[in-house]
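*Asks:* Take 1 as the starting number for the sequence shown in the UniProt record's numbering and just add one per residue.
Hints were generated in silico from the structure; no laboratory data involved.
Each statement offered as a hint is correct.
Lysine-lysine pairs mimicking DSSO-like chemistry, simulated, CA-CA at most 30 Å apart:
1) Lys160 x Lys192
2) Lys82 x Lys110
3) Lys160 x Lys180
4) Lys199 x Lys135
5) Lys288 x Lys110
6) Lys212 x Lys229
Bear in mind that the values here come from a model prediction, so they are computed numbers and not experimental data.
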Amino acid sequence: MNKKEKFLNIIIAFLIICVSAYSGYWFGSNKEIVVKDGFVNGATTTKVIIKDKTPPVAIDENIDFSQFWDIWSLIKNEYVEKDVDDKKMFYGAIEGMVSSLGDPYSVYLKPEISKEFTDELSGEFEGIGAEVGIKHDILTIISPLPDTPAEKAGVKPGDKVYSINGESTIGMYVDVAVSKIRGEAGTEVVLKIARDGHKDLFDIKIVRGAIKFDSVRWEIRDDRIAYVKVLHFNTDTTSKFNEAVSDIVKENPKGIILDLRGNPGGFLDTAVRMASEWIEDGVIVTEKYSEEKMKEHNAVGRAHLADYKTVVLINRGSASGSEIVAGALKDLGYAVLVGEKTFGKGSVQSFEEFNDGSSLKLTVAKWLTPAGHCINETGIEPDAAVELSDEDYNEDRDPQMEKAVEILRGGQ
Numbered sequence: 001m002n003k004k005e006k007f008l009n010i011i012i013a014f015l016i017i018c019v020s021a022y023s024g025y026w027f028g029s030n031k032e033i034v035v036k037d038g039f040v041n042g043a044t045t046t047k048v049i050i051k052d053k054t055p056p057v058a059i060d061e062n063i064d065f066s067q068f069w070d071i072w073s074l075i076k077n078e079y080v081e082k083d084v085d086d087k088k089m090f091y092g093a094i095e096g097m098v099s100s101l102g103d104p105y106s107v108y109l110k111p112e113i114s115k116e117f118t119d120e121l122s123g124e125f126e127g128i129g130a131e132v133g134i135k136h137d138i139l140t141i142i143s144p145l146p147d148t149p150a151e152k153a154g155v156k157p158g159d160k161v162y163s164i165n166g167e168s169t170i171g172m173y174v175d176v177a178v179s180k181i182r183g184e185a186g187t188e189v190v191l192k193i194a195r196d197g198h199k200d201l202f203d204i205k206i207v208r209g210a211i212k213f214d215s216v217r218w219e220i221r222d223d224r225i226a227y228v229k230v231l232h233f234n235t236d237t238t239s240k241f242n243e244a245v246s247d248i249v250k251e252n253p254k255g256i257i258l259d260l261r262g263n264p265g266g267f268l269d270t271a272v273r274m275a276s277e278w279i280e281d282g283v284i285v286t287e288k289y290s291e292e293k294m295k296e297h298n299a300v301g302r303a304h305l306a307d308y309k310t311v312v313l314i315n316r317g318s319a320s321g322s323e324i325v326a327g328a329l330k331d332l333g334y335a336v337l338v339g340e341k342t343f344g345k346g347s348v349q350s351f352e353e354f355n356d357g358s359s360l361k362l363t364v365a366k367w368l369t370p371a372g373h374c375i376n377e378t379g380i381e382p383d384a385a386v387e388l389s390d391e392d393y394n395e396d397r398d399p400q401m402e403k404a405v406e407i408l409r410g411g412q
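Whole structure, please, built from the sequences with the hints as guidance.
*Replies:* Have a look at this one:
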């Protein structure tokens with residue numbers, strides 16, 4: 001080795017020491033330097049990769065996260081069936097992580113199920129036309145949508161679903177249940193149902209169909225009372241409701257019946273805007289993230305219906321956005337609530353979409369009415385409790401509607 005080569009090696013060694021020292025100072029213990037040797041075009045090459053080992057959030061120091069990768073490797077190398085699907089393992093791991101929260105409304109949605117969820121919010125999908133949730137650890141019908149296969153087959157709010165096509169729903173995630181209930185139009189699904197007032201479980205066979213609906217329907221009745229039915233708080237609800245309000249005001253009705261029975265909710269801002277057609281200013285709903293962090297959603301100041309006597313119809317299928325509207329109008333004295341106690345789905349879910357088409361619904365807060373009433377799990381009580389029995393339903397009687405009309409005509 002000549003002097004020039006020795007000098008060059010000394011310089012290289014010095015630079016390596018400097019870089020190492022600088023790297024230790026700059027990256028600290030939270031960085032990992034990985035050196036990979038390769039062979040390119042007949043020459044040896046070295047590639048240095050700097051990896052960030054710092055977790056994005058604080059993790060319990062007693063948790064060794066390397067165990068995750070150890071188990072992943074064991075499954076890949078030792079599991080008896082060698083064709084292990086990496087993508088299924090990846091999605092399964094995330095689903096398990098989210099389900100460990102024990103919250104039925106925090107759900108990881110794989111790409112195909114995520115698409116079904118966004119399709120529903122747009123008001124068009126294929127299936128039976130019923131909203132489902134978990135109540136007391138049991139898959140429960142929140143509400144069947146009007147004129148859908150579910151309603152025509154006799155599905156009712158509050159029905160408990162114990163199996164889908166013979167498969168038990170005990171311990172089944174909501175998104176999995178939804179994927180099994182939905183399907184191509186013309187195909188059949190069988191739900192095993194438990195219903196209050198019925199001693200035994202029974203089957204309901206439903207032929208799936210293409211579900212498309214307008215979220216708002218309205219009419220001026222012969223008695224000059226405006227009747228407005230809101231089916232869902234989805235992408236078209238605000239514009240449809242605004243159109244209805246504009247036409248109703250022109251008719252100058254004697255009163256308004258807002259029917260939120262069987263409405264499972266949807267977008268928060270849609271509910272706030274709807275309540276704002278009665279409430280000009282003030283808090284409509286508060287999001288409680290923690291004892292220290294709260295966010296108030298105020299009226300947007302439209303209040304076109306503030307001077308009209310109003311009755312809101314609710315039942316056990318009224319959830320989420322429906323409960324926000326009903327709770328605000330009740331607390332602030334703009335409406336009388338008639339019917340049954342609502343479902344009690346008063347929590348806020350963020351919705352995060354990822355590049356692969358999957359998404360995460362994560363509960364981040366709970367809702368409080370203007371009077372500070374927590375909606376979640378407790379629901380909203382009606383001012384006038386009126387049940388709609390199976391016999392009423394079968395005979396096309398609606399005592400809840402009759403009570404609403406009575407109140408608007410001056411009765412009690």
